[in-house]
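*Asks:* Line by line, the protein sequences are chains A and B. Residue numbers for the first sequence, in the working numbering: 1 to 428. Residue numbers for the second sequence, in the working numbering: 1001 to 1396.
To be clear, the hints were calculated from the coordinates, so they are not data collected in a lab. Backbone N, C-alpha and C fix where the C-beta goes; we use that ideal spot for every residue, glycine too. Take the hints with a grain of salt, since some may be wrong.
[Stated by the list, open to error] Stretches of chain A that chain B covers, calculated by requiring three or more beta carbons in the stretch to come under 8 Å of a beta carbon on chain B: (1) 31-42; (2) 81-93; (3) 236-246; (4) 339-346.
[Unchecked claim] From the derived model, a few chain B residues whose C-beta atoms are all more than 12 Å from chain A: (5) F1088; (6) P1363; (7) V1370.
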Amino acid sequence: MRFVIKHAGYGSERVSTLSGFGKVKTASIETPTAALLTQGGSVVHLTVDVLAKVFSNPQLLWVPLSNSARLEAGVRAQGEGVAKFSGLQNHITCATLQNVSEITPSGHFETNLVPMWTKNGKKMISADKYMDIMEIYKPDILLAIADDHITLKEGNKRVSKAVERSCSLLDTCVNRYLNSTQLKDCSLIGVITGTGIKEKCEHCIKHILKHKEHLSGVALSGMTDGSEESLRIPIDKFEEILKRICESVPSDLVKFIEGCWSPDIIMKAIQYGWDVFDGSYPTKLTNAGYALKLNFDSHRISDELCILDLNNDRYKEDFRAVLEGCECLACRKHTRAYIQHLLNTKEMLSTVLLSIHNLHHFDQMFVHARRHIASGTFEVYKEHIIKQYETYKQQVLIENDIGKDCESVKTTKKIRVSDDITENVVSA
Amino acid sequence: MGSKSHALLFHVHAECKTTRARAGLMKLPHYTVKTPVFMPVGTQGTMKGLLPEQLEELDCEIILGNTYHLGNRPGTKVLEKVGGLHKFMSWNRALLTDSGGFQMVSLLKLAEITEEGVKFKSPYDDSEIMLTPEKSIEIQNCIGADIIMQLDDVVQTTFQNYDRIKEATERTSRWLDRCLKAHKRPSEQSIFPIVQGLLNSELREKSANDHLTKDVNGFAIGGLSGGESKDLFWPMVSLSTSILDKNRPRYLMGVGLAIDLVVCVALGVDMFDCVLPTRTARFGCALTKRGQLNLKQKKYEADLNPIENDCPCSTCKNYTRAYLHCIVTVETVACHLISVHNIAYQMHLMQAMRENIEKGTFPQFVKNFVNEIYSDGNIPTWVTDSLNSVGIHLSE
């Protein structure tokens, strides 16, 4: 894989291209970008023919082994890798152990084994086993196996162990990678863990950089265990982490970041030179019945929040597109009212239409970011996006508070009802 | 044809010289449909996860919506505001809606049937709804499908009580008159009467003859495909098509199994609907020329063939049985992929029948089809008998 920086911004932000992939020779991926989340090998909710209606170019796919492990026998029988087996041979695959956005139980570690949580429970995986499967899956980009499913709140002992284990796992991965003919077209990525504790994290990065000549990049992980709480990192804290890691990673390495991060954090990460994002966020919105509708034009004021909850009855007769002017198929052809109806009746087309819109729109957020970096206006764009997301967050907080008030009203009512009953009982 | 002819023009351009099969064009306000046609069922204004574009690519020309469900959700108020179901679901081709009456059978515990209509208890909230012939047409006028169904008095097909069947059949004729009277959009929508009479020849004959006198653009054959034996089923279809005139389309309700489609086309049916292709897809079941494949079975784990080798659908072009085996009943994508194939299968079968009727080779096509689908040689008696009745002798 070739990594070429095309434009460097005023900060560390940059526009680059990834190309020279083994299987899809003509593919060129512009970064910053997000890889589309796959599940069981397919982009979540989308068949290959529908995916082609969203993106006409080869896309980067995020392929967690944890949700695609059941494909192994078939991929092995076919012998052409996980992308081909899943009907997505025209796209670029980026494989990793776990979708860090999925909540997994903590603990369960052994010296050289990492737990992989699948729908059928836990499987302990060694670096060798991981690389065995990767030789079958033949991804274009391979994130090394690591003990990275931890939050920033973990204590010193757990973090030390995670870093130590991850360093040793990386050594095995590099060794296997160098001796593998099946992975000769694949690019290996070192995974940064222990992120919450500065010294441990630095140790981890130093160890990764020992293998620098064999690595195409690093991936920042070790910040979330998938829980909502772990994703709610104050943006300042995040900024501090991004900044310090950015400073210790050479700029010729591609920088990946794992986790289901919201647009505000993504903007910060782009600012500090992060290139490739795990695309879980739009999928998470889709599964909740939400539509993302950021306003990309900083000269225009949007009167609506940047996320719509289409489950809400208020859209029942709203015959506008999710986002007027959006060029995605869902917005060109369908209405909020229709999607609300599909959600209300639990029809599968709801997640198809929301995926089409959310993936397109999320991608547009990166298209605009690249454009702004190239023209030196990223700072304004970044602030514009962050502000919209913060407005949304505040509104949700207020609504949740109102929700809580309603709850307490209900509780009071209940108590009153039971008082009445008591009275009735007494009077009877 | 009568004054309502511009809502439906039917032209038969090829007739099989041996059987009663015919190929035609049915011109509807939203689309011109090639018959014989299979109509996939999109109950709630959507075809189980498929985009309208995908349905067009699959060559679906007319699909079904269910009045009962649509009347509840999104409801007539929303449909009226948006200007009908076509606009609501962004489907530009033809639509057909049922009357809501079928739910009488499926929700019988909730229903009470009188001369006035059917009293339902809404499964969504506890409110009571009276579905009268007038109300059914009012909702269907609002949904705006090209073809709409009269409300009929539905009795379970396997029901035995003669008096009740007689009552239901006669009531269906009375309700037809009320439906036609209540119809507000005759220049845009055609009401099809439903031939009733369950498995009783005398009543069915009377029902068909009653309907024949009405100013309508086509007929439906109802009260079948409800669990009765196939030996009782096909003579009722045959009886109905023999009475109904040749110049108007005949729609057999609720039939979609491949062999049933082939036999009933030979018996002179032009239109079919069934949930089969999409329902079986949800269970991981794929339709093929050699019968159904249950892709959940372990034997497909390393089977690198597509569902069907010569199938041009996007599922067969891109995915193997082995891949589908891994994701069936786990990922929504699996359901979409098998639905695509299953609908493609039904569409290709209908297309093959139309082409063979046009070329004059339909009897030979039927023979080949039967031999392939019963490759073990165990051809059911009803298939042999029904085809014999229209001049196809399988043993020859």
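*Asks:* A separate judgement is required for each hint: does it hold in the structure or not?
*Replies:* Hints, one by one, checked against the model:
A stretch counts as covered by a chain when three or more of its residues have a beta carbon under 8 Å from one of that chain; for the region 31-42 of chain A and chain B the count is 4, and the coverage holds. Counting residues of the region 81-93 of chain A whose CB lies closer than 8 Å to any CB of chain B gives 3, so the stated coverage by that chain holds, three being the minimum. Look at the region 236-246 of chain A against chain B: 0 of its residues bring a Cβ nearer than 8 Å to a Cβ of that chain, fewer than three, so the hint is violated. Remark: the region 339-346 of chain A is confirmed as covered by chain B, as 4 of its residues place a Cβ nearer than 8 Å to a Cβ of that chain, reaching the required three.
With a least CB separation of 6 Å from chain A, F1088/B falls inside the 12 Å interface cut-off, contrary to its annotation. Its beta-carbon lying about 37 Å from the closest one in chain A, P1363/B satisfies the requirement of being farther than 12 Å from that chain. At roughly 33 Å from the closest C-beta of chain A, the C-beta of V1370/B stays outside 12 Å, upholding its exclusion from the interface.
In terms of the numbered hints stated before, the structure departs from hints 3 and 5, listed from lowest to highest.
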